[in-house]
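**Q** Chains as they are written, first to last, in the numbering used here: chain A, -10 to 534; chain B, 992 to 1129.
Just so you know, these hints were derived from the structure itself, not from any lab. There may be inaccurate statements among the hints.
What the hints assert, rightly or not - Derived PhoX-like pairs: lysine-lysine, alpha-carbon spacing no greater than 20 angstroms straight-line:
{"#": "1", "chain 1": "B", "residue 1": "K1128", "chain 2": "A", "residue 2": "K107"}
{"#": "2", "chain 1": "A", "residue 1": "K54", "chain 2": "A", "residue 2": "K39"}
{"#": "3", "chain 1": "A", "residue 1": "K433", "chain 2": "A", "residue 2": "K444"}
{"#": "4", "chain 1": "A", "residue 1": "K61", "chain 2": "A", "residue 2": "K444"}
{"#": "5", "chain 1": "A", "residue 1": "K61", "chain 2": "B", "residue 2": "K1040"}
{"#": "6", "chain 1": "A", "residue 1": "K433", "chain 2": "A", "residue 2": "K164"}
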Amino acid sequence: MTSSNGKSDHTADVLIVGAGASGAAVAAWLAEAGFDVVCLEQGHWQNPDKYATLDPDFDFQSMSKWSYDPNKRGLPEDYPINLDDSPVTPVMFNGVGGSTILWTAHAPRFHPSDFRVKTLDGVADDWPLTYEELEPYYDMNDQVMGCAGINGDPGNPPRAPRPMPPLPIGADGLKLARAFESLGWHWWPSDNYINSIPYGEGRDACNFCGHNNLGCVQRAKASTDLTYWPRALRDGAELKSGCRVSEITVDAEGRASGANYFDQNGELQHQQARGVVMACNGIGTPRLLLMSTSDAHPQGLANSSGLVGKNLMFHPVAFIGGFFPEHDPEHDGEWVGPMANILMSQEFYETDPERDFVRGYTYQMARGLGPAWTARGGFADRAPWGEDHHRTVQKRLGRGLGVAVMGEDLPEPHNTVTLDPVMKDSSGLPAAKINYTLSENSRKQLDHAIENGRKLMQAAGAEEIVVNPFIQESGWHLMGTARMGDDPESSVVNRRGQAHDLDNLFVVDGSVFVTGAAVNPTPTIQALALRTAEFIATERTDLKR
Amino acid sequence: MSTDLSLLSAALDRVVPAIGDLPGAGAMGLAEVIVENARQDRRFETALKTVADALPDDFASLDPAAQDDALRNIESAQGEAFGLFLDITYSFYYMRPEVHERLNWHGRAPQPEGNELPPFDDSVLEIARQRAPLWRKV
């Protein structure tokens, strides 16, 4: 469908590919600035009144049509990903709002040190910008997405007040907080893009159903179909959903001229544009750039450095959980609230030369989601079948909490996104192929975190401690595959997200990350996208007619 | 897909056995529900067929220990399919009101009711606020 001001085929000022976290932010800024914006999105609008949490079989739906693994979901708008050579499964959602439809909406920021890892720790590269340069855009994004949180965190620089108070941490959150304190470790309530009070257009407060990993019926969880897109459309942006881009086209000078795409009927169309913004995530963007070969760009668009698709970073995740003797009688024996984003600890975030690894990790608290989730192994192994089944579920149900470990994955050129020579999507376009190896440094981070996580669970009073040393289905954060930098030989885009090779192509998703920090990346992705949008609006008025 | 529901029911009764007044998952009538829902997703449909096809023809008449041996053999040989079989079984078993009642569970979809929690209590930060800054200045 087309959500638009009724415009038909024409040359847009700016074509945005992808309607997720970053594409929506750019669309809203540029539309407000009077640019003629068209966005092509391969997925569709979602109806929050039909999300799975309203259905009794929501648990099954979370494994099938609402799975966050596109290979499992297998919808026509998803593209397959060959994972034969990756221990991590990338997860995402294709639709208006992108992966913010199924994210948990955790909204931490990078630390100032995250932008200077080469200078401080002698690894990877520094970013071509600083935390201070990005801070105003973080603040703007917090206002539009709606951030619930509280100032005073000793683990992060002081910042502007959030527009909403934090979500309650619950009795289990307090239990974990006290355990952190008993060990002398940092903790702080998580910043969330989840409403703690009604905020935004038609968006209610969270009612603590727990499933912030699924679409939000309350519209309390911020997704860009609810935040940026209503603004963008009101200001005249045109959003064409169900339209899959097959190639970014170039003109005789080798500059971006628009995109070829398959419309909802599978017919090949062309959208002309004076500038193109890539917002397809750290896998989708390199895939599309690599598909866009031409005489001027034989290695793929913006790829004279050969770095498009290289330096793929995830956040390797481990989990340490505990089962406790008590539970919460006020909620049918369940600790309730969001399943994640409750509180976090950054005690081991910064590099410590006493450790055998560089950089660090964040602990993020998680809580359980009911009997089916417990039986399927939400916190530990799947409950055994047979005579021990009932005893195991009864023992674990409503009595588990834990911490996910999010470690900083450093960029390595052998971790790549390429085009699969065999697999195709439903339009006949090449699937993405991932090659990824967990680095020794990342493994040491996780092992350190597991050892400390056991201490934490003991301090909290766990009767049983369970560890998952490496969660396979954890590739939410897709970063580094079109990195930014000042040197065209060692980066794909400049500090403004503008391709070195062609000045009217921009990248605004996680692809541009130089390093990945040890926190969820979306606020940083969106802040960078807003910064690029401001650059286009003020410095690239030549794109505007 | 054509699945022998009686065989599958017998297997489900061993996977999630009877407890107290509750019958096993098979006697509860879950086989038909699982087969029907697996049709929505090729991964589950294939897994269910793999497990069902691997059950011995005389599975229903075997004694419980022999039934468990047969299931363990399938689990060992077809691990991924068996895991999906367990996932879909657990998912629909724990949807049943009588199971919720036994677990003293509220037994409803997460929405639209949700849950109630008191607002954030700032006093929980009393100790955490006393910590000196630990982020690195650049």
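**Q** Hint by hint, work out which the structure violates, then give me just those numbers in ascending order.
**A** 4, 6
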